[in-house]
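Asker: Residue numbers (the numbering used here), protein chains in the order written: chain A, 421 to 503; chain B, 1075 to 1221.
Worth flagging that the hints you see were computed from the coordinates, not collected in a lab. Ideal placement from N, C-alpha and C gives every residue a C-beta, glycine not left out. One or more of the hints may lead you astray.
[Unchecked claim] Estimated spans, in silico, between C-beta atoms of each pair:
#: 1; chain 1: A; residue 1: Ala443; chain 2: B; residue 2: Asp1144; range: 32 to 40 angstroms
#: 2; chain 1: B; residue 1: Asp1194; chain 2: A; residue 2: Arg496; range: 37 to 45 angstroms
#: 3; chain 1: B; residue 1: Asp1194; chain 2: A; residue 2: Gln497; range: 35 to 43 angstroms
#: 4; chain 1: B; residue 1: Phe1185; chain 2: A; residue 2: Arg454; range: 51 to 59 angstroms
#: 5; chain 1: A; residue 1: Arg454; chain 2: B; residue 2: Ala1181; range: 50 to 58 angstroms
#: 6; chain 1: A; residue 1: Arg426; chain 2: B; residue 2: Ala1147; range: 24 to 32 angstroms
#: 7; chain 1: A; residue 1: Arg426; chain 2: B; residue 2: Glu1154; range: 29 to 37 angstroms
#: 8; chain 1: A; residue 1: Arg496; chain 2: B; residue 2: Val1168; range: 16 to 24 angstroms
#: 9; chain 1: A; residue 1: Glu447; chain 2: B; residue 2: Gly1103; range: 32 to 40 angstroms
[Stated by the list, open to error] Only some residues are given here: those of chain A computed to face chain B with a beta carbon under 7 angstroms:
#: 10; residue: His433
#: 11; residue: Asp480
#: 12; residue: Leu483
#: 13; residue: Asn484
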Amino acid sequence: MSDSLRTHAVDLHGSFYDAAGVAAAVEAYAELARITVQPTGAGLRVELVVLDDEVDDLMDHFLNHALHASVSLQRRQADGVAG
Amino acid sequence: MSSESSAAELQIFDFVSDGRSVRLRLDEGLYPLDAIRGAAYLFLDRCFVRLERLEDRLVDVTLKSKGPTDDEALGALAGEFCNALLDQAVRVQVAASSGKIREYIMARAFFSAPAQSSIDQLLAELDAEELAADDLEIQVPWEQGGA
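Here chain A stands alone, though its shape is the one from the complex:
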């Protein structure tokens, strides 16, 4: 692993980011970063090693993707329960 690779870590609370949403983001960004996800007491800890230095704000993009997937999933589940 090159020393120039940027590493980011973030704790995501389970009330906002669910495991399926984060998994969807991990799959989407697998080619741009090496991503590991570990459960914590309140949610998930995500460590992201950026593989392409030319991509800026990769963690921010990842978090947007994870939040979008999480909210979409929660809404589908709510609609399913309601329906």
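We have chain A already, so just place chain B on it with the hints.
Answerer: Frame of chain A, contents of chain B only:
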């Protein structure tokens, strides 16, 4: 996403800026979780959004610009987020307050016996009219056939 600021303390709807992002601290007792999530969802295409839980009922929302920006634009972004948050809070409240009524209307529409009996009643009336017409013994063209 760092949001270092000289601001000592945040108040509701006050925000701090580090030149690229703004951070708001929200009380979940005032703004339901669904409203916070809904407002954040609406802003995903405009900026980077990060939600963090500080304490049991305190939520930090960080909005980070996707490109070059300035404090004025960040302030406007924070204001628009607050408006969206209020809109979402009202939607959540209306949905909760009218939920029982919606369920009742749906249940009545699908499962109510009077609705079925009214359809049966209409069919019976139609049958009765046809029978009454037969009583006149008037032959209608479509019954004449080739005879």
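Asker: A separate judgement is required for each hint: does it hold in the structure or not?
Answerer: Hint by hint, here is what the structure shows:
1. Checked against the hint of 32 to 40 angstroms, the pair alanine 443 of chain A and aspartate 1144 of chain B passes, with Cβ atoms roughly 37 angstroms apart.
2. A hinted range of 37 to 45 angstroms for the beta carbons of aspartate 1194 of chain B and arginine 496 of chain A is consistent with their spacing of about 38 angstroms.
3. In this structure the supplied range 35 to 43 angstroms holds for aspartate 1194 of chain B paired with glutamine 497 of chain A, their Cβ-Cβ distance being about 39 angstroms.
4. Checked against the hint of 51 to 59 angstroms, the C-beta distance between phenylalanine 1185 of chain B and arginine 454 of chain A comes to roughly 54 angstroms, which is consistent with it.
5. As the Cβ distance of arginine 454 of chain A to alanine 1181 of chain B is approximately 52 angstroms, the hint placing it in 50 to 58 angstroms holds.
6. For the pair arginine 426 of chain A and alanine 1147 of chain B, the beta carbons lie near 27 angstroms from each other, so the given range of 24 to 32 angstroms is met.
7. Our hint of 29 to 37 angstroms for arginine 426 of chain A and glutamate 1154 of chain B holds, since their Cβ atoms are close to 31 angstroms apart.
8. Evaluation of the 16 to 24 angstroms hint for arginine 496 of chain A and valine 1168 of chain B yields a pass: the beta carbon distance comes to about 21 angstroms.
9. The beta-carbon spacing between glutamate 447 of chain A and glycine 1103 of chain B, approximately 36 angstroms, falls within the hinted interval of 32 to 40 angstroms.
10. Annotation: interface hint on histidine 433 of chain A holds; nearest CB of chain B at approximately 4 angstroms, less than 7 angstroms.
11. Against a cut-off of 7 angstroms between C-beta atoms, the interface hint on aspartate 480 of chain A holds, since the closest Cβ of chain B lies about 4 angstroms away.
12. Look at leucine 483 of chain A: its Cβ gets to within about 5 angstroms of chain B, closer than 7 angstroms, so that hint holds up.
13. At a threshold of 7 angstroms, the smallest CB-CB gap from asparagine 484 of chain A to chain B is about 5 angstroms, leaving the interface hint in force.
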